[in-house]
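A.B. asks: Sequence:
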Amino acid sequence: MTLSLRVTSYNIHKAVGTDGRYDPARIMDILHIVDADIVALQESDRRFGNRHSCLPLDMIENNQKWQIVDFKGKHEKKVHHGIGWHGNALFIPKQAKIIHSETIKLPTLEPRGAICAHIEIGGQHLCIISCHLDLSGLWRRRQIRTILEYIDKHPHKLPTILMGDFNQWSRSGALSEFAYHHLKLVDMGPSFPSRRPVARLDRLLHSPDIIISNHGVCDDAKARQASDHLPIWADVQI
120 MTLSLRVTSY NIHKAVGTDG RYDPARIMDI LHIVDADIVA LQESDRRFGN
170 RHSCLPLDMI ENNQKWQIVD FKGKHEKKVH HGIGWHGNAL FIPKQAKIIH
220 SETIKLPTLE PRGAICAHIE IGGQHLCIIS CHLDLSGLWR RRQIRTILEY
270 IDKHPHKLPT ILMGDFNQWS RSGALSEFAY HHLKLVDMGP SFPSRRPVAR
320 LDRLLHSPDI IISNHGVCDD AKARQASDHL PIWADVQI
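By the count of the working numbering, the sequence shown reaches residue 357 at its end, each step adding exactly one.
None of these hints come from the bench; they were simulated from the model.
These numbers come from a predicted model, not from an experiment.
There may be inaccurate statements among the hints.
Calculated cross-link-like contacts (lysine to any residue; reagent style SDA-like; alpha-carbon spacing at most 20 Å) [claimed, not checked]:
#1 Lys276 - Ile187
#2 Lys184 - His237
#3 Lys276 - Pro316
#4 Lys303 - Ser326
#5 Lys216 - Asp189
#6 Lys303 - Gln356
#7 Lys224 - Thr265
#8 Lys303 - Asp354
#9 Lys276 - Thr222
#10 Lys184 - Asp148
#11 Lys133 - Asp338
#12 Lys303 - Lys341
#13 Lys303 - Asp347
#14 Lys276 - Ile240
#15 Lys341 - Asp148
#16 Lys341 - Pro143
#17 Lys272 - Lys184
#18 Lys184 - Arg140
#19 Lys276 - Thr121
#20 Lys341 - Pro212
#21 Lys133 - Lys216
#22 Lys276 - Asp338
#23 Lys216 - Thr265
Restraint ranges, calculated between C-beta atoms of paired labels, are given here [stated by the list, open to error]:
#24 Gln214 - Asp177: 38 to 46 Å
#25 Leu176 - Thr137: 23 to 31 Å
#26 Asn181 - Leu257: 41 to 49 Å
#27 Ile218 - Ser123: 30 to 38 Å
#28 Asp142 - Ile331: 30 to 38 Å
#29 Glu268 - Leu176: 32 to 40 Å
#30 Arg140 - Gly242: 12 to 20 Å
#31 Gln356 - Lys184: 29 to 37 Å
#32 Thr137 - Glu239: 35 to 43 Å
#33 Ser291 - Ile331: 16 to 24 Å
#34 Glu180 - Gly256: 33 to 41 Å
#35 Gly292 - Thr121: 15 to 23 Å
#36 Arg140 - Ser289: 31 to 39 Å
Cβ atoms here follow ideal geometry from the backbone N, Cα and C, with glycine treated the same way.
Let the hints inform the model, and build the full structure from the sequences given.
C.D. replies: Set out below in C-alpha cells:
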C-alpha cells in the first residue's frame, strides 16, 4: 500500500525574523501553513548555555499533529533543554512509532551535526535525516561523505529522505559527492535570503524507492518575515 506524506525542512534562525523580532508563534504559523507531516528544523535551539529550545515546548506539545523525536543524551553527557541536537530537530506525526533515533557526528570546526530517525507510519518504515552543514566547502564535503557513509553502513536499507540547510549555492562543489550515490537531489527553488531568495541553500534528497509527486518553497508573506530562510517542502510517496 502506498503511503503519501508531506515533508518540510526549515531553518528557523532561532525564531528571530528578518524584522529582528523573536516570535516563535510566527514560526508555528508557518509550519501550519506548510502543513507537513514530517518537519526537519535547523537552528531550533540556542547555541550556548543550556541550549534551550527557541520554540516553547508547550507550544509544540499542545499541537494536535506532531510529536518531537528525542535525541537527548545520544552523544552529549551534558543535560540540555533543547528539542534536538546542534539545532537540528524532527517532528513526526503523533501516530508514528519511533523505532530508533540517533545523532550523527560530523567533522567540523564549529558545532554542527545531523540527526536520524527510523520511524514506522501507516505500515511503512522510513529513515529521516536532517542536517545543517558547514559554511566552508571543504568541511561540507567531509560532512556529506560522513552522512553517506552512515547511510551505506545502515543495516536496514530503508526508504530514506535527507534534508536540511546544506549551505551550498550550486549543484556542484560539495554536492558532487552525491553524483555516484543512489540518493536523488530534488531541484528545489531558492530559499535564501527569505525576503528576496536567490540561493538554493536548503536541499532535499531521497532514495529511489521514494516518489516525489510535488515540491516547492513556501514564499508566504509571513514566511518572508519569520526567518532568514524559507521552508522547502515535498509531497512524497512510499
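A.B. asks: Of all the hints given earlier, name the ones this structure violates by number, lowest first.
C.D. replies: The structure conflicts with hints 1, 3, 12, 13, 17, 18, 20, 21, 22, 23, 24, 27, 30, 31 and 35, although it agrees with all the remaining ones.
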